[in-house]
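As they're listed, the protein sequences go chains A and B.
For the first sequence, the positions run 1 to 344 when the numbering used here is used.
For the second sequence, the positions run 1001 to 1403 when the numbering used here is used.
Don't read these hints as lab results, they were simulated from the structure.
All values derive from a computational prediction rather than experimental measurement.
For every residue, glycine included, the Cβ atom is placed at its ideal position computed from N, Cα and C.
Where hints are given, some of them may not hold.
[Unchecked claim] Chain A regions said to be covered by chain B (calculated; three or more residues, Cβ under 8 Å):
#	segment
1	26-33
2	52-58
[Unchecked claim] No more than 35 Å apart at the CA atoms, straight line, and that leaves these computed lysine-lysine pairs for DSBU-like:
#	chain 1	residue 1	chain 2	residue 2
3	A	LYS109	A	LYS240
4	A	LYS109	B	LYS1202
5	A	LYS240	A	LYS274
6	A	LYS274	B	LYS1202
7	A	LYS274	A	LYS310
8	A	LYS77	A	LYS310
[Unchecked claim] Derived Cβ-Cβ restraints for the label pairs, each shown as a range:
#	chain 1	residue 1	chain 2	residue 2	range
9	A	ASP38	B	THR1264	49 to 57 Å
10	B	LEU1196	A	ASP178	57 to 65 Å
11	A	ILE196	B	GLN1217	29 to 37 Å
12	A	ASP178	B	SER1270	19 to 27 Å
13	B	ARG1309	A	ILE196	51 to 59 Å
14	A	ASP38	B	ALA1146	41 to 49 Å
15	B	ALA1200	A	ILE196	42 to 50 Å
16	A	PRO165	B	VAL1390	28 to 36 Å
17	B	ASP1152	A	ASP178	32 to 40 Å
18	A	GLN91	B	ARG1268	39 to 47 Å
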Amino acid sequence: MGAPSGRPFLGLGVDFLRGAVCVNNPFTSPAQLQRALDESGYVCDTPLATALFLAMALERPLFLEGEAGVGKTELAKAASAVLGRPLVRLQCYEGLDSRSALYEWNYPKQILHIRMMEALRGTGVGPEPDRQLRVGWEGVHPDALFTEPYLLARPLLSAIRPDGPAPVLLIDEVDRSDEAFEAFLLEVLAEYQVTIPELGTIRAAEPPLIVLTSNRTREVHDALKRRCFYHWLDFPSFEKERAIVERLVPGLGRDLATDVTAFVQRLRQEPLFKRPGLAETVNWAAALEQLGVRQLNPAEVEATIGCLLKYRDDLDLMLQPADGGLSTLQRTLAELGVPRGSAG
Amino acid sequence: MTKMREPANPLLPHNLHAFLRSLRRLGLPVGPAEQALALRALAAVGWETPEVTASAVCAVVATRPEHVPLFREAWRQFLLRLRRQDSHAWVLERTLSTSVARLRQTRHRHPQIFWMTGPEGATGDAAKEHASDGTLRLQTGASRSAAWKAADFAKLTEAERREAVRFSERVPRFWTGSRRYRLCPAGAVPDLAATLREAARKDTWLPLQMRRAQRAQRAAVWVVDVSGSMEPYSRMVLSFVHSLQLARVPLELFAVSTQLTRATATLRTSNPDRALAELAARTPDFAGGTRFADALAALSRDWARTVMRGDPVLLLVTDGFDSGDPALLADALARLRHRSRRVVWLNPAAADASYAPTAQAARVLAATVDDAYPAFSWSGLVHAWRETSVRQRTRPVRPDDRR
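Model the full assembly from the supplied sequences, consistent with the hints where possible.
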């Protein structure tokens, strides 16, 4: 841990550095973090590594936004791997409330306890009658029922009060939740604390690394974004995508990985309802590897196009013959010179 | 461990503050908290690698994807200006903003930010006021989406057209009563059958069940003139209709060129570009001639019994330039009116406040329809739809309906 220097930073008379020192950040620079992510199997560019580095160094959540399947969730998993910390995941959905996200009282256990105490009263079981009565009374007292043993921790509480080291908390697809839940998250994101009315405020001893993701199906409120570092994850460049395919599907071969990547990149230029993401590319490459495909050809592509396109409209657009009897898919492959050696 | 990295130039923090403040003019939400956080971020990553430095500040100040290219361009300008420190500070700050505004202008021809300088040929006090201390006034217009929604379809840029085609509007439905009921504890009417069923099922003494009427959606029948004179408007109207279809509003669509084409099926694809392309391909003489009177007669004769059941709202989108027989048009309109809850004319030609229907068909339309609205812009269409959703609750009083 670096000691605060005490010198005013940038001559502004304010010690801005104090918050920049963080026990949770084992990396000295974004480049070092980028290398570590690369070694763990996540290919990451400099802006993304910088944003993640800042999230760790300044203990502030990272808000990742981008199309589905560009690697937002994978980044949280990779961060968990390089930091050697557990991953706690909260999948958001419409109607998600604090009971599912934060905590819940264990009602069956509470009722069982009350019943047990009622049954034991007056049976002579226990060291002495008055003590038994006292234990029984304490046991059924309402305050005693709302204590730690009856608390069921959900993902947010597990992340704030972990059993081991502070985890990486992934709040996935926050745009699917409703606005009330967004407002509820503000306290967690800003203060790393949660409030349970019966128990009080619980503050994280060691702040978790929080990663929020959004597919931008709706605009998330600025109040939430303001508490985070923001990064927009776009579709990857050709080189980056090919590197990822080669890394994750090593049996594919360089030529086929190049063709697969070129085809997907070309496909994204079509007016599709849902453009294929990086995850679809990797799935398709894995499918081709499983089928033992050594060279891309129209028949194989048509048979496996379901890995890339998930809407009937998009399938119709690509597969139905257009002018000249060729489908868009066949035309695209011909433009790319696939199978290799054919006219490009 | 994070080390502090001091910048080489001691003036840099001040310039950085000026830069961050200028980002506000570009619409980025940069307040004092963001300024402080940007400095902390720079303390953490240092100044050694330009891309890392830019990414660090970007991660703090950007909150939307569209902010990222704006920030990148502003940052590039900032670095360029830092190398040339001979100019006056306020000139630099403003040059920065205008450069980025130019970038935006290349994508959308209506910039949100522009500088107000002194009026041309100003003399005396007015000129002195503008030249006094170099203070420039900033006037911010409406947001981009608000601007294109209010603009005439014919004046939209290509980028705005594409945005409009992808846009979906949250619109009210044409609600109407239904004969169906559903059980509802808060309902006002007791449902005796359900009460007895419940009593038999649970073997209890008549647990009173309440019910209330369901609501149903009234359909909208769109008749859109896709002739050449309607070319700038018809595509946008069809986009609007497609967005209604995506919102599951029950509707029928007919395209009118030299003949009537039922085009409802072409809207079923979720991709608006493909829907419009397919519609254009299926419609003979798309953007060509028009026979509106004949088309309405065909609608009344061939389709009305099928598609105009349940008292729908009939929406006619045309500029009223039709050379057909006015008597035929009047007759067709009268027949269709009997089958419609309301007949609404959406007229793109009524962009001008002084518009008066002079063409023969326009005069017939103006005399026959229940409501008429100008429909040359997206917001005009939305307004017409909203108004109609309210008015369709009541049946209009028509003199010739008294039978």
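Verification of the supplied hints:
| no. | hint | verdict |
| --- | --- | --- |
| 1 | 26-33 | holds (count 4) |
| 2 | 52-58 | holds (count 4) |
| 3 | A:LYS109 x A:LYS240 | 52 Å, violated |
| 4 | A:LYS109 x B:LYS1202 | 31 Å, holds |
| 5 | A:LYS240 x A:LYS274 | 21 Å, holds |
| 6 | A:LYS274 x B:LYS1202 | 50 Å, violated |
| 7 | A:LYS274 x A:LYS310 | 8 Å, holds |
| 8 | A:LYS77 x A:LYS310 | 25 Å, holds |
| 9 | A:ASP38 x B:THR1264: 49 to 57 Å | 53 Å, holds |
| 10 | B:LEU1196 x A:ASP178: 57 to 65 Å | 40 Å, violated |
| 11 | A:ILE196 x B:GLN1217: 29 to 37 Å | 45 Å, violated |
| 12 | A:ASP178 x B:SER1270: 19 to 27 Å | 24 Å, holds |
| 13 | B:ARG1309 x A:ILE196: 51 to 59 Å | 58 Å, holds |
| 14 | A:ASP38 x B:ALA1146: 41 to 49 Å | 44 Å, holds |
| 15 | B:ALA1200 x A:ILE196: 42 to 50 Å | 46 Å, holds |
| 16 | A:PRO165 x B:VAL1390: 28 to 36 Å | 60 Å, violated |
| 17 | B:ASP1152 x A:ASP178: 32 to 40 Å | 37 Å, holds |
| 18 | A:GLN91 x B:ARG1268: 39 to 47 Å | 32 Å, violated |
In the structure shown, a violation is registered for the earlier hints numbered 3, 6, 10, 11, 16 and 18, in ascending order.
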